[in-house]
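There are 2 protein chains.
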Amino acid sequence: MNLWGDRVGYSKYKYEGLLNLCLEVFQRLGYTKEDSYTIGEVLLLADLFGIESHGVQRLTLYYKGIRNGSIKVKNHMNIVKESPVSVVIDGDGGMGQIISKKAMERAIDKAKKTGIGMAIVKNSNHFGIAGYYSRMAERKGLMGIAMTNTRAIVLPTYGREQMLGTNPISIAMPARPIPFLLDMATSVITRGKVEVYSKNNQKLNYGWAMDDEGRKTDNPDKVLKLANGNTGGLLPLGGDTEIFGGHKGYGISFAVEMFTSILSGGLTSDEIRGNNNTNGVCHAFAAIDYGLFDDKNAIEKRMSAYMQKIRNSKKAYGASRIYTHGEKELEAYEDRMENGIPINENTIVEIKEICDYVDIDINNYLKKY
Amino acid sequence: MNLWGDRVGYSKYKYEGLLNLCLEVFQRLGYTKEDSYTIGEVLLLADLFGIESHGVQRLTLYYKGIRNGSIKVKNHMNIVKESPVSVVIDGDGGMGQIISKKAMERAIDKAKKTGIGMAIVKNSNHFGIAGYYSRMAERKGLMGIAMTNTRAIVLPTYGREQMLGTNPISIAMPARPIPFLLDMATSVITRGKVEVYSKNNQKLNYGWAMDDEGRKTDNPDKVLKLANGNTGGLLPLGGDTEIFGGHKGYGISFAVEMFTSILSGGLTSDEIRGNNNTNGVCHAFAAIDYGLFDDKNAIEKRMSAYMQKIRNSKKAYGASRIYTHGEKELEAYEDRMENGIPINENTIVEIKEICDYVDIDINNYLKKY
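From first to last, the protein sequence lines stand for chains A and B. Position one of the first sequence corresponds to residue 1 (the working numbering), numbered consecutively onward. Position one of the second sequence corresponds to residue 1 (the working numbering), numbered consecutively onward.
If you are wondering where the hints come from, they were derived from the structure by calculation, not from laboratory data. Don't take each hint at face value.
No copy labels: a pair is met if it fits in one copy or bridges any two.
[Stated by the list, open to error] Derived DSSO-like pairs: lysine-lysine, alpha-carbon spacing no greater than 27 Å straight-line:
#1 Lys225 to Lys203
#2 Lys64 to Lys367
#3 Lys315 to Lys203
#4 Lys296 to Lys102
#5 Lys309 to Lys222
#6 Lys193 to Lys74
#7 Lys328 to Lys12
#8 Lys309 to Lys225
Next up, chain A with everything else stripped away, as it sits in the complex (with noise of 0.2 Å):
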């Protein structure tokens, strides 16, 4: 959910403090200066878009994860297989923020010499946004693409059994002045979204998700229980049969698994469901020097004008303004940037506990606006 101003339980924090924290936090519990600032940076871009399920939220769950040892800390990342064009990465259970970086900066690499490059990680753990990953390529003035399967939650169409991830897909796009940037689940919502409607004690849209016996539900608490079983779930985007297109999502979402854990052969998402955590899941990316098809100040000339007209295109009724990807995001990003980014009370709460076990004072860092 993102939240736009001032909301109950919510502060305002600056982004360098929290920055720093994470940086402190994360070579405090053994990771290098460099790898503790990619962590914080793609936490911190979630929380900078207004992605709050995928900003410091996600503090804790990563470090539990550490302590626990699903995500190592010393890990042997290593090239299973490379060509000209593409390199498959075994993360060999580490960060997902670190790996993913890396592979993603390998792809681009290849990108700048063949024009293609694609990047293909198994045994990895939960990366954060993907659109931190495309949006790499973005800004290096390639099409960067990402996915990742997830521990499974979604159910195939006709089906009652968490087979498949949400399976997130980032597509991204320099244009001027806004650059295109995709980034969605495969599924109808989020995991993130059931767990926001609990704590609000709000209940789901019916299309949304089903039970245990593969009936519609509006109760999150029971998909959430139920997501710790096998059985009642996401419902994949489009819902729950194919007259909304529901058997769409489900193609969409089963491809992603495609490109990351069959290519790879890592864990598909019903075999990390198991683990209760995130470890083992696959990811995919891919960078494309779009310069292959054409001039590309051409192609970035095309690309602007076509979202400026879609932007200015006539409204549906009652509607105010047509968005294009990547827009919310931005304007999210420079109101935080300049105005601070709201953390949830329960969340400090969360973070003032790793401040303690790693012995630092949590008042050092969070600057309140």
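Keeping the supplied structure of chain A fixed, place chain B upon it in accordance with the hints.
Coordinates of chain B only, in the frame set by chain A:
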């Protein structure tokens, strides 16, 4: 609409006769035997797969396009730009099937050499079903991707102006006993489905389409009439707002636009809108040799096993079967090869007119079952 079994107004015809008819018609319209075969094969694969809207019922559309010159017979398809991993083709207004088959063949050749081949096409025409081309790669032991923009009929989220096509994507990959073949419009439903509902005097489901003021409508005629204007139309996969993920379908549709028209410099879907035919559409094809990532047999085994696991997983309440993508099409294919292809009587009347024009006897080709 898939047609299983007998329907009023339909008779079944043999595949060979229909193929010979296409072969003769297109040769008499000026195409070579080889190119006429390609056109017939693409059209009839749609009929065999049960996708009637893209089958021989489209003959009239192509025939009219050829006669009025919007589809050229003698065209000078040429290569605009090429690299070891990519090619950009200007179709010069020729027949979409012929251009697209050649484009995918090039992508396949490149994938066999470098591992990845992309072919981007501009100035083409309607290419039939996307699945034909992705399947070409699949049958050569590669992963295949095909997409196209189309004449605009889809509304961006919060918009009421047709800015995007139904922009289908197809992804295919070998597996046993049934290959993976996803072939989907990125809108909730296709233009063809609205046409079928109109013919049958059926109402649309709310959530499929909007009227010219940007309000939900269930009237197919209103949508079809409006589709010749520029407001009102179909919703992207996920529906009209962000509640069920309409912005995701809009994003995927935009990405198809990016890979086809933006990269190639051809017409965007909204620019084709005014043409009142499909002249100027753009396509994108990719072939990937997944031997880049692991032993090919090992990948195919994992793929087949995961698909089987999904087919065998627990069913939703009231559901009797879970399909993987391409399974329904393959069953229809086998049935129709054995028992004939059902063709609507109106379509037969249209085909007879074409036969009369090119001076052949329809009875020499169409053998009823």
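A quick look at each hint next to the structure:
| no. | hint | in the structure |
| --- | --- | --- |
| 1 | Lys225 to Lys203 | within (15 Å within a copy, 39 Å between copies) |
| 2 | Lys64 to Lys367 | within (25 Å within a copy, 70 Å between copies) |
| 3 | Lys315 to Lys203 | between (29 Å within a copy, 25 Å between copies) |
| 4 | Lys296 to Lys102 | both (26 Å within a copy, 26 Å between copies) |
| 5 | Lys309 to Lys222 | between (43 Å within a copy, 25 Å between copies) |
| 6 | Lys193 to Lys74 | neither (33 Å within a copy, 56 Å between copies) |
| 7 | Lys328 to Lys12 | within (19 Å within a copy, 53 Å between copies) |
| 8 | Lys309 to Lys225 | between (45 Å within a copy, 23 Å between copies) |
The structure fails to meet hint 6 from the earlier list, while all remaining hints are met.
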